[in-house]
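Chemist: Spelled out, the chains give:
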Amino acid sequence: MKISYFETGRYVPPPDLPREWPVPPAAYDPATGAEAFRGMVERVQFVEKLGFDWISVSEHHYSPRILTPSPVVSAAWLAARVPNIKIALLGPIVPTANPIRIAEELAMLDTLSPGRIVVGLLRGTTNEYLSYDLNPSEARERTDEGMELILKAWAEPQPFGWQGRYFQYRTVSIWPRPQQPPAPTYVLGTSAEAGAFAARHHCGLGVSYGNFASMGQATTYYRQQCAQYGWAPGPDDIIYRANMILGETDDAAEHALQRRDEQAPFPVRAGLRDALLQADTTRNIAGEKRPANVGGVLPISFCGGPDRVVEQIRRCRDTIGAGVLDLSLQDPGAGDTDAMMDALDLFGRKVLPRIRDI
Amino acid sequence: MAPNEIAASFTEGFVEADGFRIRTMQAGRGTPLIHLHGASGLSLTRGHDLLSQHHRVIAFEMPGFGRSPENTRTQTTAEMATTMRAAIRALGIESCNVLGTSFGARVALWMAAQQPELVSALVLEAPAAIRPQGHKLPSGSPEQIARLRYAHPERQPPRPAQDPVAQAQTRALFMRVRGPDRDSDLETAMRRLEVPTLVLFGTHDGLMPPGLGRLYKEKLPNCHLVFVYDAGHAISTERPEAFAEVTLDFLERHEAFVINRTATLIHP
Chain R
1 MKISYFETGR YVPPPDLPRE WPVPPAAYDP ATGAEAFRGM VERVQFVEKL GFDWISVSEH
61 HYSPRILTPS PVVSAAWLAA RVPNIKIALL GPIVPTANPI RIAEELAMLD TLSPGRIVVG
121 LLRGTTNEYL SYDLNPSEAR ERTDEGMELI LKAWAEPQPF GWQGRYFQYR TVSIWPRPQQ
181 PPAPTYVLGT SAEAGAFAAR HHCGLGVSYG NFASMGQATT YYRQQCAQYG WAPGPDDIIY
241 RANMILGETD DAAEHALQRR DEQAPFPVRA GLRDALLQAD TTRNIAGEKR PANVGGVLPI
301 SFCGGPDRVV EQIRRCRDTI GAGVLDLSLQ DPGAGDTDAM MDALDLFGRK VLPRIRDI
Chain B
1001 MAPNEIAASF TEGFVEADGF RIRTMQAGRG TPLIHLHGAS GLSLTRGHDL LSQHHRVIAF
1061 EMPGFGRSPE NTRTQTTAEM ATTMRAAIRA LGIESCNVLG TSFGARVALW MAAQQPELVS
1121 ALVLEAPAAI RPQGHKLPSG SPEQIARLRY AHPERQPPRP AQDPVAQAQT RALFMRVRGP
1181 DRDSDLETAM RRLEVPTLVL FGTHDGLMPP GLGRLYKEKL PNCHLVFVYD AGHAISTERP
1241 EAFAEVTLDF LERHEAFVIN RTATLIHP
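Chains as they are written, first to last, in this note's numbering: chain R, 1 to 358; chain B, 1001 to 1268.
Footprint (simulated), chain R over chain B, 3 or more residues, beta carbon under 8 Å:
hint, segment
1, 1205 to 1218
2, 1221 to 1235
3, 1240 to 1250
No wet-lab data here; the hints were simulated from the structure.
Since this is a predicted model, take the numbers as computed values, not measurements.
Using N, Cα and C, we set each Cβ at its ideal position, and we do this for glycine too.
Model the full structure from these sequences, guided by the hints.
Modeler: So, in structure tokens, the structure goes:
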């Protein structure tokens, strides 16, 4: 089992910060922002020393909950300051982006840090589409086409044009190209579409936050699709991103779980939330229809002292088949960074050495 | 548009050339655009309709294909190209654009090699001028073949059944004239072809791997390769608007078609 730490750029907010998304820029404090980004480097150096295999960064907009609108900038900053750990971009939100720009920037990163970059291509949750004015009903198709174009831009040795449904380019000919073979690439999502796309292109699959059974449904579907295309993914081809509450004892962890803020950080207004749910009706797990996620509170998948968490990780591996766990040991946006560092340290000492063979 | 409305504006005609009576389907006005079909014969698509709004489209049925009598004379692709050039001449056309589909692209390249001044621009749709080594003709049930031809076979009406005798005759002709997978004479000629050429491949082509596109770029001095997303081998059937837009733009502007003219201004 490989372990990844999800770094969110921890902006420690003052208690009087507005709670609604989008959070007004007037509430932003530049010094706190600078501290958040300095802290990214310290935390990543810390988990590298603890023996973590990867760190991951993501793309989110217009709130301090996760202060990284550009995972590429995050990755470049970290790659230059931390020597060895792999850096996973999970991931650029494809339907709101220029796919050629994504292809070029990821190729650049792959060249700047050969062998260290991991790529995840993401459709993104429905609330993310508000940031760049994307029609939610087009997101699925834009994602599929954008991913296809990114992979083509990496692979084609000759200049080409692209006559798509949502994207059109007369000339694509990227420099630099990614390393050959390119960075390990994952499609992020639980849908039948994501599983089928990943299988067809020999990509990995990254699933997140759902319970073991439903995530197992998604990865089983993915493996079935891979078999149809004549290959079998290994454990490293499946990432599971999840929240963990780790305590010295089971009781301590349970206590922390009870104290957890059950209100989603920086939610959109109720009317907007409902409209978003209605606007995005294609979400599914392995073809089974599910409501969209519009920025609600995310579940805790692992909770306990070290012994119990090791058992949970074993069960997770059996059910989902993931060989890479991408963990948050505290909700993004929660202020108590010291407690999170303690939990990471505990994980490194008491859990990590016992899950390598899982 | 319903399938039976496709190409309703096209009218049938015949032209005598090189000893053959050759069927044509024609529509539109303007610069002539000759179409040469693939191995499965002439079938008009919505793509033809869109092209005929800007060009005089003349779709030929090559002798021995479709409804034409058996052709036991033509032996090679180059000979077929000679016959089709004679047909163009017989229509009084001295210069034209040529669109070749699959096998028709191979004929079109030979035509341009034989008489460069005849062809002002070439569009090669899912061309079969270069085939993978050991390439086999598709076989199997109509459903299996449809899965190779189309990215989305479920969206296509079933193809009408063909007379087995005529089908066998066409197949014999095709196997004779299709030439080797890699034709060194043609590829040598391609390196000298200065005609502006647009090569289109569907990203989901199950008959001609789209990765072959790069070989046309390497061999043709003035070639543009464009992938049509989510189309199989039958690009003009599956993505007619995308097919026609890039084809028409290329025919109008040749290499300058890389300059975007689409307005993005939202609120003047």
